[in-house]
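Number of protein chains: 2
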Amino acid sequence: MSIRYPNGKAYSPMHKEGTQLKTVNKVSYGNRGMSLEEDINSSNEYYLAKGIAVIHKKPTPLQIVKVDYPKRSAAVIKEAYFQQASTTDYNGVFEGKYIDFEAKETKNKTSFPLKNFHKHQIEHMRQVINQHGICFSLLRFSAIDEVYLLDAKHLCSFWSDQENSRKSIPKKEIEVLGHVIPLGLYPRIDYLSIVKGIYFS
Amino acid sequence: MSIRYPNGKAYSPMHKEGTQLKTVNKVSYGNRGMSLEEDINSSNEYYLAKGIAVIHKKPTPLQIVKVDYPKRSAAVIKEAYFQQASTTDYNGVFEGKYIDFEAKETKNKTSFPLKNFHKHQIEHMRQVINQHGICFSLLRFSAIDEVYLLDAKHLCSFWSDQENSRKSIPKKEIEVLGHVIPLGLYPRIDYLSIVKGIYFS
Chain U
1 MSIRYPNGKA
11 YSPMHKEGTQ
21 LKTVNKVSYG
31 NRGMSLEEDI
41 NSSNEYYLAK
51 GIAVIHKKPT
61 PLQIVKVDYP
71 KRSAAVIKEA
81 YFQQASTTDY
91 NGVFEGKYID
101 FEAKETKNKT
111 SFPLKNFHKH
121 QIEHMRQVIN
131 QHGICFSLLR
141 FSAIDEVYLL
151 DAKHLCSFWS
161 DQENSRKSIP
171 KKEIEVLGHV
181 IPLGLYPRID
191 YLSIVKGIYF
201 S
Chain X
1 MSIRYPNGKA
11 YSPMHKEGTQ
21 LKTVNKVSYG
31 NRGMSLEEDI
41 NSSNEYYLAK
51 GIAVIHKKPT
61 PLQIVKVDYP
71 KRSAAVIKEA
81 YFQQASTTDY
91 NGVFEGKYID
101 FEAKETKNKT
111 SFPLKNFHKH
121 QIEHMRQVIN
131 QHGICFSLLR
141 FSAIDEVYLL
151 DAKHLCSFWS
161 DQENSRKSIP
171 KKEIEVLGHV
181 IPLGLYPRID
191 YLSIVKGIYF
201 S
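Sequences listed follow chains U and X, in order. Quick note: the first sequence, position 164, residue 164 per full-length UniProt numbering, numbers continuous. Quick note: the second sequence, position 199, residue 199 per full-length UniProt numbering, numbers continuous.
Some hints here could point you the wrong way.
It does not matter which identical chain is used: a pair holds within one copy or between any two.
As the list claims (entries may be wrong) - Taking lysine-lysine pairs in the DSBU-like style, the calculated list, with each CA pair at most 35 Å apart, reads: (1) K109 x K71; (2) K109 x K78; (3) K107 x K66; (4) K115 x K153; (5) K57 x K78; (6) K78 x K172; (7) K115 x K58; (8) K167 x K71; (9) K71 x K196; (10) K115 x K71; (11) K171 x K78; (12) K50 x K71; (13) K50 x K167; (14) K66 x K171; (15) K71 x K57; (16) K115 x K78; (17) K153 x K78; (18) K66 x K153; (19) K153 x K119.
By construction, these hints were calculated from the structure, which means they are not laboratory data.
Using the sequences and the hints given, assemble the complete structure.
Quick look at the structure:
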């Protein structure tokens with residue numbers, strides 16, 4: 001049953017919930033987003049284990065077309081397709097406050113392409129902002145391994161500016177408007193230390 | 001491609017995200033939970049459209065075993081299985097606060113069986129309580145069409161009591177400890193009016 005992906009790694013279906021999402025990223029975007037997702041999931045597991053926060057990645061929605069019901073066995077989905085999510089990928093609670101974010105990465109070194117985000121994700125972020133939730137994106141420049149937190153209001157503003165032909169966010173603006181995240185081992189991407197400083201003061 | 005379920009209704013794969021979840025409930029629990037889920041999704045759409053809250057049902061996690069990549073076409077999942085979620089089904093933000101809940105229904109008239117909940121859902125609720133999130137369950141007695149909000153701390157307490165051989169929550173206790181939800185058309189289950197009264201005072 002093992003499937004080999006273009007990167008030569010076998011797909012392991014026996015991992016716990018959430019692992020399937022990597023497949024989705026691979027399918028949709030090649031290898032883009034892979035390691036960032038792993039690092040964030042690992043960080044969230046750390047936060048959960050330490051009682052710091054409860055933040056999970058949402059499962060990817062699938063459009064199910066055909067299901068078999070073998071006698072005395074579990075239902076088997078025989079035909080389904082990956083769907084675009086209508087929200088961001090991550091949400092949860094940190095000290096009573098609602099946390100909501102999307103994580104993306106680029107190989108670019110000087111700017112972050114806005115095509116990484118979808119219209120409905122931006123719309124969702126605007127809705128969360130209106131409800132006074134804490135909403136942001138984590139942006140990784142993978143070539144230099146830098147991760148920034150950029151508040152959703154800035155991202156939404158850059159998104160609107162696209163109509164004026166700017167299709168990416170210059171890294172220099174991210175450095176000014178965003179916040180660099182400390183990288184480590186436990187947790188790998190300590191974004192909540194930054195969230196605490198920005199939104200809880 | 002249409003599939004007919006035991007209730008005689010055809011499965012329509014063309015609905016938007018979230019519809020697939022009904023399939024899951026049907027598969028796992030027969031028809032149990034169906035209309036409650038529809039009513040809550042409809043209520044959440046109302047809240048979203050009115051700018052009252054941003055609350056979504058999470059997609060059901062699937063364990064993907066086999067994926068085909070037809071040339072020039074979208075990836076097709078050829079073998080997958082329904083997985084148990086590790087969190088509750090619904091979460092989101094309401095006036096800055098984190099909202100998290102599970103919705104269940106019973107045909108019983110005098111008590112609510114605890115087997116409707118899974119251990120990992122209770123564990124998730126405890127984690128959310130520790131983070132000071134607003135966490136509860138919506139319990140419908142379908143035979144009499146009454147829906148109650150029961151705070152998660154009570155549910156977790158009843159859950160722990162199971163060891164003392166009590167396998168369900170008497171309805172009389174739900175009436176005392178919980179809060180009856182007003183039912184209507186827009187929204188069908190106005191649980192946020194109750195949330196506001198309990199948690200925002």
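Do the hints match the structure? See the list:
1. K109 x K71: Classified as between; 32 Å across copies, 55 Å inside a copy.
2. K109 x K78: neither (42 Å within a copy, 38 Å between copies)
3. K107 x K66: For K107 and K66, only the inter-copy Cα distance (29 Å) is at most 35 Å; the intra-copy one is 38 Å.
4. K115 x K153: Intra 17 Å, inter 43 Å, cutoff 35 Å: intra-copy only.
5. K57 x K78: both (25 Å within a copy, 24 Å between copies)
6. K78 x K172: Classified as neither; 48 Å inside a copy, 45 Å across copies.
7. K115 x K58: both (21 Å within a copy, 25 Å between copies)
8. K167 x K71: The answer is between: 30 Å across copies meets 35 Å, while 53 Å in one copy does not.
9. K71 x K196: neither (52 Å within a copy, 47 Å between copies)
10. K115 x K71: between (46 Å within a copy, 24 Å between copies)
11. K171 x K78: Result: close neither inside a copy nor across copies, 44 Å intra and 41 Å inter.
12. K50 x K71: neither (43 Å within a copy, 46 Å between copies)
13. K50 x K167: Between copies only: 31 Å across, 40 Å inside.
14. K66 x K171: Close neither inside one copy (45 Å) nor across copies (39 Å); limit 35 Å.
15. K71 x K57: Intra 33 Å, inter 30 Å, cutoff 35 Å: intra and inter.
16. K115 x K78: Result: close both inside a copy and across copies, 32 Å intra and 29 Å inter.
17. K153 x K78: Intra 41 Å, inter 40 Å, cutoff 35 Å: neither.
18. K66 x K153: neither (41 Å within a copy, 40 Å between copies)
19. K153 x K119: within (14 Å within a copy, 38 Å between copies)
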